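Peer 1: Sequence:
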Amino acid sequence: MLQRYLVLCCGLLVLALLALPEAAAAQQMAQETKGKDCRMEQQCHWKDFKKICVWVKVCR
1 MLQRYLVLCC GLLVLALLAL PEAAAAQQMA QETKGKDCRM EQQCHWKDFK KICVWVKVCR
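The sequence shown begins at 1 in the working numbering and counts up one residue at a time.
If you are wondering where the hints come from, they were derived from the structure by calculation, not from laboratory data. Among the hints, a few may not be true.
[What the hints assert, rightly or not] Simulated pairs of lysine-lysine, DSSO-like, Cα-Cα distance not exceeding 27 angstroms:
| hint | residue 1 | residue 2 |
| --- | --- | --- |
| 1 | K57 | K34 |
| 2 | K34 | K47 |
| 3 | K36 | K57 |
On a predicted model such as this, the values are computed, not experimentally measured, just so you know.
Between the sequences and the hints, there should be enough to build the whole structure, so can you do that?
Peer 2: Right under this line is the structure:
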């Protein structure tokens, strides 16, 4: 029982540590985009005869 508890705690700790950089990056991006016109744009490229599209945030 104690072993399961330790594994669970370690897993939660790892997840929390992985989420911290993403939260900091999101906050920094929000600060950088103040006063700018932002929108989501779809950007596509071809890779191995497949069309790969992703949505990116573009601020000008």
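Peer 1: All the hints need checking, so say for each whether the structure fits it.
Peer 2: Okay, the hints, checked on the actual structure:
Of the pairs offered as hints, the one joining K57 and K34 holds, with about 14 angstroms between alpha carbons and a cut-off of 27 angstroms not exceeded. About 35 angstroms separates the Cα atoms of K34 and K47, which puts this hinted pair outside 27 angstroms; it is violated. Simply put, K36 and K57 have alpha-carbon atoms about 12 angstroms apart, close enough for the 27 angstroms limit, and the pair holds.
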